[in-house]
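Chains as they are written, first to last, in my numbering: chain S, 1 to 187; chain L, 1 to 532.
Because the hints were derived from the structure by calculation, they are not lab data.
These figures come from a predicted structure and were not determined experimentally.
Just so you know, not all the hints are guaranteed correct.
[Claimed, not checked] Pulled a few chain S residues facing chain L out of the computed Cβ check, cut under 7 Å: (1) Arg68; (2) Leu122; (3) Ala131.
[Unchecked claim] Covered stretches of chain L, as calculated for chain S (at least 3 residues, CB under 8 Å): (4) 139-145; (5) 389-398.
The beta-carbon is built from N, C-alpha and C at its ideal position, and this holds for glycine as well.
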Amino acid sequence: MPDIYTTEWYDSVRDAINAGVSRLRSVPEGRFVVAVEVVGDGISPYVATDATRRFLMEIDDGTCLWYRELAAHEDERAHHEGRIDYRFRGPATVFDEIAAGLLDPVDVALRGAVTVKGDMRLLLRNAEHVASLLAAYTSAVSTTWPLGRPPYASDASDAPADASSHNATGGAGGDAPADHREATARA
Amino acid sequence: MRDAYDVVIIGSGHNGLTLGAYLARSGLDVAVLERRHEEGGGLCTEELTLPGFLHNVHANYHTFVDLAPPQHDLALVDHGLEYIRPDVQMASIFDDGTALTVHTDLDKTCESIARFSDRDAETFRRLYTEAHGYVNLLLGTLMYQPPMSMKELTRALSVFGVEDRSEFLSVKLRRETIDVFLDQHFTHPKVKAHLAFHGAVCGYANDVPGLAMSFPLLVGKIDNWNLCVGGSHRLAHVLWRDLAQHGGVLLSDAEVTSIAVDDGRAVGVVLADGTELTARRAVVSTVDVEQTFRHLLPSEAVPGELAASVEHDLLHQPWSLFSVHLAMTEPPHYEAASFDPDVDRAWVVNLGYASTEELDADWRAVRSGALPGMCRPNAAVNTLFDPTDAPEGHYTGLLRQIAPYALTDGGPAAWDEIGHWYGRRCIEAWRRFAPNLGDGAILDWVPYTPADIPRKLRNMVQGDWMMGEVSLANMLDKRPLPELAQYRTPVDALYLAGSTQHPHGFITFAPAYNALQVIADDLGIEAWWRDV
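Use the sequences and the hints to build the structure in full.
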């Protein structure tokens with residue numbers, strides 16, 4: 001059970017993605033680089049307030065080759081001829097809750113809590129593949145939360161900083177009260 | 001004038017200028033050709049009445065400000081483009097003296113709706129909030145990309161389970177009218193009438209099956225109606241400025257009479273004065289499909305099947321707009337201001353439609369070639385927000401009424417007979433709600449009829465200001481014809497980038513932006529504008 005936002009966790013997500021993709025009848029051809037920007041919102045203990053943690057994922061013929069975090073000053077465009085095909089950006093709490101299986105990523109995108117940039121046609125034409133990726137991210141990895149598992153209290157000071165916990169990520173819903181999840185998503 | 005360019009663009013409406021500016025910024029040698037003496041197409045602002053009164057002859061409402069990528073990519077604000085977003089965006093004024101107002105402040109809009117129905121106010125808040133969340137996502141998906149098929153979209157919505165996650169997005173909407181959507185979600189006739197009116201001003205008739213699909217998107221930007229300071233033509237001017245600053249040229253009084261084709265490839269154009277211009281890499285038409293394929297291209301260059309489709313299958317809006325442009329000494333003071341004072345500060349005002357049934361009856365009348373049963377124009381006084389469009393202490397006014405292009409009795413030419421009479425009827429309809437607009441308040445006015453539209457702008461065939469019907473049959477990858485929907489044509493190096501293309505007319509920049517993606521792929525242009 002890897003800690004969230006660790007190399008072991010990224011590799012687990014990658015493996016989960018590829019396990020899901022292997023069950024698909026068709027996948028998009030070609031290579032795609034996906035950037036994810038997780039912005040500190042003062043609530044999540046995993047990203048400092050107003051800081052941004054940046055991640056890159058490379059997908060080749062549907063398979064996730066790697067998923068990793070960029071170092072603080074690392075140029076995201078230093079790889080793959082500067083190519084970024086998609087960019088997802090949103091508050092840390094939202095990404096945490098997605099990873100914890102508490103928020104549905106499609107729902108989050110529809111509400112504008114996470115912005116998506118890139119060729120939307122390809123995303124829609126490969127909806128099964130995208131759905132498989134999202135499912136892997138949200139519910140296929142057993143994640144440990146060393147700084148506390150979402151949902152967090154609305155006051156960051158209430159967050160159980162030393163309360164290590166984990167979830168087996170049983171899909172959207174989790175064990176959080178629905179109103180709290182919604183409030184956190186809006187934040 | 002040079003005789004060779006990389007790309008020659010026919011038509012200098014906002015799509016032609018936008019595409020030209022992008023390509024010029026990409027290092028291409030671009031010429032944009034305009035038949036008239038002034039660029040802009042529908043972005044024309046003229047002193048139609050008296051000196052100093054600037055009237056937006058066509059495009060008046062800019063609803064994609066800050067949503068359309070070109071506004072940022074081309075740094076239009078840096079070129080002097082300025083918009084005003086009136087606090088009170090819209091109003092509906094009803095015969096009984098009540099009124100409903102839409103504000104940039106959602107709470108105020110809901111307060112106004114709640115005066116008719118608390119439940120509708122709550123529903124509107126939910127709809128707006130939901131739609132506002134996905135408006136950018138949907139715009140990026142549906143408008144600022146070359147079109148997908150309805151089948152592909154429906155399938156993706158199904159896979160993502162959007163219907164389960166959204167109260168207002170349903171795949172069933174692709175078969176339903178806006179009326180049905182409104183009946184499903186709202187209760188009060190006046191609330192429904194106002195929302196249907198908003199759709200109608202955007203070109204979406206509330207009784208056309210399938211348009212319900214677009215309705216949440218329309219609501220998501222219901223408070224994004226912007227007025228171009230100095231007149232809509234200002235936008236054309238800043239687009240030209242960007243084009244020119246990056247080496248492109250705009251040639252006015254340059255009517256294209258034919259597109260030169262060599263061995264199946266568009267290689268240039270011939271102007272009315274006989275000048276031949278070579279296009280080394282591409283020719284782009286932003287004018288109507290009829291002109292491009294029936295008049296500009298040599299007939300042997302157009303495949304027979306396409307020629308037949310252009311002859312028989314093009315769909316135009318079966319309704320047009322009758323306008324009255326006014327020079328006034330005072331703005332309207334509506335009697336309904338005693339019910340809601342904000343109506344006097346509203347920009348776009350529905351004068352009287354109080355139910356969707358009233359709108360539906362007028363759609364039916366207009367499509368059959370008849371005048372609407374009762375004159376219920378919409379009114380706008382731009383000077384309330386932009387005092388530069390009239391002499392000090394004076395006002396410009398605009399009335400618009402849905403109307404047929406071809407009248408049953410006399411066809412389009414009959415408008416020349418009845419234009420002034422009908423204009424007076426529209427003014428009288430305004431006075432019913434704003435009695436202060438007596439003869440003393442109106443210095444001058446001119447009608448601008450559906451028949452005048454194609455006389456001024458040839459590409460608005462049959463007075464079709466959307467340059468193609470807004471309907472399910474003419475949407476996405478079917479617009480304007482399936483074989484032309486992806487901005488390419490059967491003639492190599494000839495592209496289409498005008499409002500005939502997906503998504504439609506209005507100041508969206510989208511046909512140009514989408515054609516740009518295709519042209520860039522074909523010509524190997526680095527897409528510096530793709531901000532991922």
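Tested hints:
1. Arg68: Result: violated, 19 Å to nearest chain L Cβ.
2. Leu122: Result: violated, 10 Å to nearest chain L Cβ.
3. Ala131: Check passed: Cβ of Ala131 of chain S comes within 6 Å of chain L, closer than 7 Å.
4. 139-145: holds (count 3)
5. 389-398: violated (count 0)
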